[in-house]
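Number of protein chains: 2
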Amino acid sequence: MTHSPSTPHYLHLTEHFQKIAHFEHLSALGDWDQATMMPIGGSESRGAAMAELARHIHELKTDCFIETSIEQAEEELLDSHQMSNLREIRYQFMQANVVPADLVQAKTQLAYRCEHAWREQRANNDWQGFKPNLEALMKLVKEEASIRAQAQELTPYDALLNKFEPGMTTKRLEHIFGDLKSWLPGLIETVQGLQAGDSKISLAKYSARSQEALGRDVMAYLGFDFTQGRLDVSSHPFCGGVPGDIRLTTRYDEADFTSGLMGIVHETGHARYEQGLPKEWRGQPAGGHRSMAIHESQSLFCEMQLGRGEGFLTQIQPKLRKHLNSQLTIGELNHIYTRVKPGLIRVDADEVTYPCHILLRFEAEKGLVDGSLDVADLPEFWAEHMKSLLGIDTRDDYRNGCMQDIHWAVGELGYFPSYTLGAMYAAQFRFAMEASLGPVDELLAQGNIAQVFDWLDKNIWSQGSLLTTEELVKRATGETLNPKFFRRHLEQRYLK
Amino acid sequence: MTHSPSTPHYLHLTEHFQKIAHFEHLSALGDWDQATMMPIGGSESRGAAMAELARHIHELKTDCFIETSIEQAEEELLDSHQMSNLREIRYQFMQANVVPADLVQAKTQLAYRCEHAWREQRANNDWQGFKPNLEALMKLVKEEASIRAQAQELTPYDALLNKFEPGMTTKRLEHIFGDLKSWLPGLIETVQGLQAGDSKISLAKYSARSQEALGRDVMAYLGFDFTQGRLDVSSHPFCGGVPGDIRLTTRYDEADFTSGLMGIVHETGHARYEQGLPKEWRGQPAGGHRSMAIHESQSLFCEMQLGRGEGFLTQIQPKLRKHLNSQLTIGELNHIYTRVKPGLIRVDADEVTYPCHILLRFEAEKGLVDGSLDVADLPEFWAEHMKSLLGIDTRDDYRNGCMQDIHWAVGELGYFPSYTLGAMYAAQFRFAMEASLGPVDELLAQGNIAQVFDWLDKNIWSQGSLLTTEELVKRATGETLNPKFFRRHLEQRYLK
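As they're listed, the protein sequences go chains V and W. The first sequence: position 299 = 299 (the working numbering), numbered continuously. The second sequence: position 231 = 231 (the working numbering), numbered continuously.
Excised from the complex, chain V in its bound form (with noise of 0.2 Å):
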């Protein structure tokens, strides 16, 4: 007699998405391996490899087994977690089915060549060498957009958030970000005032060997697990490879060790994560991280919670010693890295100005996406929004304009309002762990750093997507997102 299986349906639909990982898990070695080892004689047929398993993952993805499966599977008797495994097993489906693979391939071939034109271009300040590329790329991602749309009953930019924030939406969005236009404006001027006539602290240079050591010391004093995972370089800090074998990069200014530093800091955030989530659900949907916004904000959490505060600036000052020979003391490591300008390029904006940089992607996406924004005239809106949020002229300088990220250029909309979300769920999260452990500078001035990933080990990464983002941010506070601890957050650092 042999036992056959009460769950039939979603064993068959767990064995499938195993399948899939397997695939994921050569195309995560493909991007890290292009971006940090990869000669350039290697792209061509790397970009067809890459793009052949695209298509193959896509295939498996919406193979038509799934839809039914689902339907029998959720007539099983299955425990909670499986049934959440089977919400996220829908949501993948469904995420891929709606796009026809011509659509999926024409949009990959084009990002590809649209993005290698725009490094020269971007490089070149050539915006009108850029433009029929991004106006050709658009079009894809209307389209895209309005089939997403249309099949999950939702407006197209909406439609878009939801490939990285499920449940997220255009109107929740502008109340969030509506109510931080109404103080972060004054807030960065007050701030700017309080720092007016301050000195600039000036920086040796340093080898690229040397601010590696110290990086690879900071990343173990944050608990990565160098069996688990490496550190290497690329021209675009990112954090790559999985579960078990997780791969950050960062790139070294000789000039600036403080960008690559906390660049490490940043990723090594990223990694946790990733390296948390729940060992026996490797493999599933459910074991997957939960959001982008999740994911930022444990980078976000490590970058800017941990990583500006005085607790931790005690911790690696020694290091710093070490490895650097510097002689910053912590009073000064912490005046560098709370300083506030704004500036024109995103990745290098202070966490106070920084939202102000996805406030006006936010805008200019949903205007390209709704058709009331043209590409010709992106550079203008840029201007007139960098002068309004920032103060800043940008005009004629495209490179450090609406050419400077990569996003647009590959045809990725609806990622940018992650950033922002991530600060403010990264904010919320340490005010949620305080209540329960103390001010988190304190602990690690007392080298107690362990109890801060613990909990978000329990609260956070361990959960995967077990939780919706709503359920998992609830538990983890309290509440659901609220923005009101990111104000706290930036007002008690920054106004004190």
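Honestly, the hints are just simulated from the structure, not real lab data. Positions of the beta carbon are idealized from the N, C-alpha and C atoms, including for glycine. One or more of the hints may lead you astray.
Here are the computed lysine-lysine pairs in the DSS-like style, where the Cα-Cα straight-line distance is at most 27 Å [what the hints assert, rightly or not]:
(1) W:K319 / V:K61
(2) V:K341 / V:K387
(3) V:K319 / V:K366
(4) V:K366 / V:K181
(5) V:K163 / V:K131
(6) V:K19 / W:K205
(7) V:K19 / W:K61
(8) W:K61 / V:K61
(9) W:K319 / W:K205
(10) V:K200 / V:K496
(11) V:K279 / V:K163
(12) V:K484 / V:K496
Here are some of the chain W residues that sit facing chain V, going by a computed Cβ distance under 7 Å [to be verified]:
(13) H25
(14) G41
(15) A49
(16) E52
(17) Q228
(18) V242
Position chain W relative to chain V; hints supplied.
Chain W in isolation, oriented as in the chain V frame:
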């Protein structure tokens, strides 16, 4: 009116094999990464991902449409190159299709486990631990050999040889190796007599870093294009990657730079072959390397035919001075690189004693496959043959005896002969080349190494698998494999 292709079945096959090549690209990347970059934490999920990929590739290679499409393509009007490609498609299909998927998977899994355990067992000289694993694996190897043999009307060992060396037979090898056995032991004895009393040249210690700089310089001298590949470190040197992105590895011994350096020269020979394969046939079976013996002939051409010659040493001696600040003279380098001394380890052997290691393994493999040699009797067999071939006592030293190579630990029998066939082809190619270009050694001394590679490119590399091995060698040298050139080469170099 649309054009329909006049060779639809052939075209369909080429598209399908191009697709397979894309997945093989990812397989090559996964292998390379595993050996060079992957942290231990990645093993489990990588193993699973690679097995999934191997299975997918096997499914693609045995897709049910292929057999009939080949038959129909054979009726189409193909040019001679297309016919060659169809021949190679047929060969690859047949090699994959004759083995049941279950056996492939069972052998892959067992080989993975056996190799994993072998790494530690070898270090511990643990023959008793290795023996049952090897016995289990050998059962599957025999099953594979017998299935392949039946399908191809070959003997079982011939069927294994044909995985690496299409067309090669035990009978032919017995003839070739029988000849070798008749004169090689005598030559070894004579050379040892000539070299008796030589003083050993002591080497200074050099950091891995400076050895790497030297290695890169030598690779560039050998025409390696670093925009088309990389050099890294792994515990076992190999040449991997894909044309356009060839990745070779070496290992550095601080106390002896000479072996790491010649390892690089060897792998660069493999790399140039891969880089020189016909670009217009990339992704098609006709565009791949001809056979493993031809592959080894290219690495051994660089390492042995060029690398041990005075012309080559004249060119690299200034590089040694530059990177290592080494004061070794050309004469001393020549002395170091032409010492003949029987030893336990195949990969450390000089070119004169090396074939004895292959003769032993060839006899052992035949016995293991036809059942006349039991795994349990392998150590005794090994000791006897090492004694008679090289005069060395290996009893109880399993680690440096029958457990030294990875090949059997992963269930690959039939490969070893390729090494010595490669050495023979390399010698034959040099003599043929010299008939038109004059002494290679002099060309190199005059800085004309490009002419040597031009010859190889024209006659070997650019031919891919468009010709059979027999045709290739005959066109390049005027005759098929003739071992007399190898003998002549050794006598010229070592009896002077």
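Now for the hints, and whether the structure bears them out:
1. Pair hint K319 of chain W plus K61 of chain V does not hold up; C-alpha atoms about 54 Å apart against a cutoff of 27 Å.
2. Between K341 of chain V and K387 of chain V the CA atoms are separated by roughly 14 Å; this keeps the pair inside 27 Å, and the hint holds.
3. For the proposed pair K319 of chain V and K366 of chain V, the alpha carbon gap of about 45 Å is over 27 Å, so the pair is violated.
4. For the hint linking K366 of chain V to K181 of chain V, the alpha-carbon distance of about 17 Å falls within 27 Å, and the restraint holds.
5. Note on K163 of chain V and K131 of chain V: the hinted pairing holds, with a Cα-Cα distance of about 25 Å set against a maximum of 27 Å.
6. Of the supplied pair hints, the one linking K19 of chain V and K205 of chain W is violated, its CA atoms being roughly 49 Å apart against a limit of 27 Å.
7. This hinted pair checks out: K19 of chain V and K61 of chain W have alpha carbons roughly 19 Å apart, not beyond 27 Å.
8. Pair hint K61 of chain W plus K61 of chain V holds up; C-alpha atoms about 22 Å apart against a cutoff of 27 Å.
9. For the proposed pair K319 of chain W and K205 of chain W, the alpha carbon gap of about 16 Å is at most 27 Å, so the pair holds.
10. With a C-alpha separation of about 20 Å, the suggested pair K200 of chain V and K496 of chain V falls inside the 27 Å cut-off, and the hint holds.
11. Between K279 of chain V and K163 of chain V the alpha-carbon distance is near 24 Å, which keeps this suggested pair within the 27 Å criterion.
12. Annotation: proposed proximity of K484 of chain V to K496 of chain V holds, straight-line Cα distance about 18 Å (limit 27 Å).
13. For H25 of chain W, the interface hint holds, the least distance from its beta-carbon to any beta-carbon of chain V being 4 Å, beneath 7 Å.
14. Residue-level restraint check for G41 of chain W holds (minimum Cβ-Cβ distance to chain V is 4 Å; threshold 7 Å).
15. Here the hint on A49 of chain W is kept, as its CB sits about 4 Å from the closest CB of chain V, short of 7 Å.
16. Checking E52 of chain W against chain V: minimum C-beta separation of about 4 Å stays under 7 Å; hint holds.
17. The interface hint given for Q228 of chain W holds, since its Cβ lies 4 Å from the closest Cβ of chain V, which is under the 7 Å cut-off.
18. Below 7 Å, beta-carbon pairs count as interface contacts, and V242 of chain W has one with chain V at about 6 Å; its hint therefore holds.
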